[in-house]
Amino acid sequence: MTYLYAAYIATWAIHIGYFTILLRRYTRLRNEIAELEGRTDLQKLK
Amino acid sequence: MSTVGALTRATLAKDLRLEWRSKDAINSMLFFSLLVVVIFSFSFDPTAEESRQIAGGLVWVAFLFAAVVALNQTWAREMRNQVLDAYRVSPAPPNALFLAKVVGNFIFVTVLQALMTPLFIVFYNLRALGPAYQLPIVAALGTWALVVNGTFFAAMSLRTRSREIMLPLLLFPISIPALLAMVEATGAILTGEFSARFWIVLLAAYDVVFTIASLFLFGFVLQAE
Amino acid sequence: MKRAFPILAVLTGVLLSYALYEALVVAPTEQTMGNVQRIFYYHVPSAWTAFILFFINFFASIVYLIWRANKADMVALVTAEVGVVFCTVVLVTGPIWARPVWGIWWTWDLRLTLTLVLWLIYVSYLVLRRFSSSGQTPLLAAVLAVFGALDVPLVYFSIWFFRTQHPQPVIGGGGSIDPRMLHVLLINWLAFSCFAALVCWSRYRLEVMRRDLDETLALEALLEPHGSSTRTSHTGSAG
Numbered sequence: 092m093t094y095l096y097a098a099y100i101a102t103w104a105i106h107i108g109y110f111t112i113l114l115r116r117y118t119r120l121r122n123e124i125a126e127l128e129g130r131t132d133l134q135k136l137k
Numbered sequence: 156m157s158t159v160g161a162l163t164r165a166t167l168a169k170d171l172r173l174e175w176r177s178k179d180a181i182n183s184m185l186f187f188s189l190l191v192v193v194i195f196s197f198s199f200d201p202t203a204e205e206s207r208q209i210a211g212g213l214v215w216v217a218f219l220f221a222a223v224v225a226l227n228q229t230w231a232r233e234m235r236n237q238v239l240d241a242y243r244v245s246p247a248p249p250n251a252l253f254l255a256k257v258v259g260n261f262i263f264v265t266v267l268q269a270l271m272t273p274l275f276i277v278f279y280n281l282r283a284l285g286p287a288y289q290l291p292i293v294a295a296l297g298t299w300a301l302v303v304n305g306t307f308f309a310a311m312s313l314r315t316r317s318r319e320i321m322l323p324l325l326l327f328p329i330s331i332p333a334l335l336a337m338v339e340a341t342g343a344i345l346t347g348e349f350s351a352r353f354w355i356v357l358l359a360a361y362d363v364v365f366t367i368a369s370l371f372l373f374g375f376v377l378q379a380e
Numbered sequence: 019m020k021r022a023f024p025i026l027a028v029l030t031g032v033l034l035s036y037a038l039y040e041a042l043v044v045a046p047t048e049q050t051m052g053n054v055q056r057i058f059y060y061h062v063p064s065a066w067t068a069f070i071l072f073f074i075n076f077f078a079s080i081v082y083l084i085w086r087a088n089k090a091d092m093v094a095l096v097t098a099e100v101g102v103v104f105c106t107v108v109l110v111t112g113p114i115w116a117r118p119v120w121g122i123w124w125t126w127d128l129r130l131t132l133t134l135v136l137w138l139i140y141v142s143y144l145v146l147r148r149f150s151s152s153g154q155t156p157l158l159a160a161v162l163a164v165f166g167a168l169d170v171p172l173v174y175f176s177i178w179f180f181r182t183q184h185p186q187p188v189i190g191g192g193g194s195i196d197p198r199m200l201h202v203l204l205i206n207w208l209a210f211s212c213f214a215a216l217v218c219w220s221r222y223r224l225e226v227m228r229r230d231l232d233e234t235l236a237l238e239a240l241l242e243p244h245g246s247s248t249r250t251s252h253t254g255s256a257g
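First to last, the sequence lines map onto chains A, B and C.
Counting along the first sequence from 1, when you hit position 28 you're at 119 in this note's numbering, and nothing is skipped either side.
Counting along the second sequence from 1, when you hit position 161 you're at 316 in this note's numbering, and nothing is skipped either side.
Counting along the third sequence from 1, when you hit position 205 you're at 223 in this note's numbering, and nothing is skipped either side.
The set of hints was computed from the structure by calculation and includes no laboratory data.
Built from N, CA and C at the ideal position, the CB exists for glycine as well.
It cannot be assumed that every hint is accurate.
Stated by the list, open to error - Stretch by stretch, here's where chain C covers chain A in the computed footprint (C-beta under 8 Å, at least three residues):
#1 94 to 107
#2 116 to 127
To be verified - Here are the simulated distance ranges between beta carbons:
#3 A:Tyr117 x C:Ala215: 37 to 43 Å
#4 C:Leu29 x B:Ala359: 45 to 51 Å
#5 C:Asn53 x B:Ile262: 55 to 61 Å
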């Protein structure tokens with residue numbers, strides 16, 4: 092019976108793990124973009 | 156089509172001549188193959204019955220290592236001398252270059268196998284209980300399978316980081332059906348328990364599929380690189 | 019379009035919860051294996067989803083090879099990543115299921131072995147994407163995907179024949195299936211498909227952001243010949 096729960100929990104652990112990786116990449120991207128927009132020389136491109 | 160043939164032969168002849176003159180790659184590879192055989196023999200010390208069953212796997216893993224070492228330096232000379240750039244701007248069909256490389260590697264690895272096999276026979280007291288004439292067929296088909304994909308993936312790995320590890324990383328998963336076939340066929344022939352026919356047919360099919368695919372797609376790889 | 023995303027998210031959440039309830043409570047208990055068999059309702063839909071994602075990847079790779087559409091490359095990348103995630107689930111739940119039922123962790127079961135090989139091929143695909151320089155990554159990756167797809171039938175036949183020569187236990191449970199179990203299976207499959215779509219969509223949007231940023235940085239580097247920016251842009255589409 093514990094095997095059943097182990098399998099279900101493992102499944103969601105893997106999915107949540109991947110989701111966490113994506114979330115981390117997203118926040119890092121957001122920071123990069125914010126930093127970029129903070130720099131004035133970007134106005135040249137706009 | 157005749158240009159492809161002529162070009163292939165010319166490139167192949169050049170490669171063989173260069174290799175024969177310098178002998179740099181082949182000497183180190185010979186020694187490496189010998190080392191592999193000896194180390195494997197230390198690791199496994201089976202009875203005659205057992206050795207016939209596992210020899211298929213052992214031999215092909217050893218051949219695989221030797222092949223990877225050979226494949227890794229396939230394009231080294233071309234890289235050093237910017238040959239690929241020249242090739243890209245020339246009207247020569249890229250398939251000719253690829254085919255020449257594959258045949259060159261095939262000859263190379265077959266030579267290594269020819270040297271390693273007697274050693275294996277000696278260390279493991281091997282004797283084929285099944286139809287021994289099938290063994291060279293399996294060897295040829297199996298080697299071609301490894302070499303055709305290996306040369307292709309070696310070209311794909313040229314501009315990647317960690318080039319040497321990228322080749323086996325790409326090659327091994329794709330080669331799994333061929334490796335399974337080689338090992339099972341060799342085991343079947345040595346033990347005489349099963350017929351190796353299905354595996355030989357599978358290997359032939361694998362060779363056909365991937366030779367065509369490689370010839371077809373090599374142009375992309377050359378262009379990309 | 020923007021509103022569809024939260025709607026899908028909520029729908030997926032509801033479906034997954036309902037499917038879980040069905041799998042754990044409603045589905046009848048299997049005769050020989052007992053409750054452990056319920057792993058089936060997570061194991062099989064994950065396998066189907068992974069295979070479908072890889073199929074989409076193959077299709078997108080071909081589109082890229084012919085038309086060099088950037089969108090096709092992004093679809094290929096996204097489906098490969100999410101496919102590997104689902105594949106990992108199959109490879110983890112498989113042994114967890116096999117252990118109490120057969121007493122062994124692994125067997126060269128046809129579906130499990132095929133999943134393993136696909137997982138290996140696509141992990142090598144993702145490694146190639148990460149390690150090659152950004153200019154030709156999409157092209158090389160597309161070629162590799164085609165090679166992988168050509169390999170699959172060969173893998174299938176080789177394992178199939180291997181199993182006839184060396185008989186192995188079957189994990190999936192062959193034969194006909196109880197219609198109530200089939201019902202629960204399909205509900206879980208639907209739930210996981212929606213979930214996969216959701217994850218793919220999110221990953222796609224992330225990739226669009228990433229590529230836009232890379233483009234901007236590259237443009238900036240072009241316009242700043244003295245390199246006043248100390249940042250280096252991330253190369254590689256999987257970054």
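### Query
Regarding Asn53 (chain C) and Ile262 (chain B), is the given constraint of 55 to 61 Å on their beta-carbon distance met?
59 Å, holds
#### Entry: Outcome of range test on Cβ distance (Tyr117 (chain A), Ala215 (chain C); 37 to 43 Å)
18 Å, violated
### Task
With a C-beta cutoff of 8 Å, work out whether three or more residues of the segment 94 to 107 of chain A approach chain C closely enough for the coverage to hold.
It holds: at least three residues are needed, and the segment 94 to 107 of chain A offers 9 whose Cβ sits within less than 8 Å of chain C.
#### Entry: Cβ contact check, 8 Å cutoff: the segment 116 to 127 of chain A against chain C, three residues minimum
holds (count 6)
### Query
Taking the beta carbons of Leu29 (chain C) and Ala359 (chain B), is their distance inside 45 to 51 Å?
50 Å, holds
Of the numbered hints listed earlier, the single one contradicted by the structure is hint 3.
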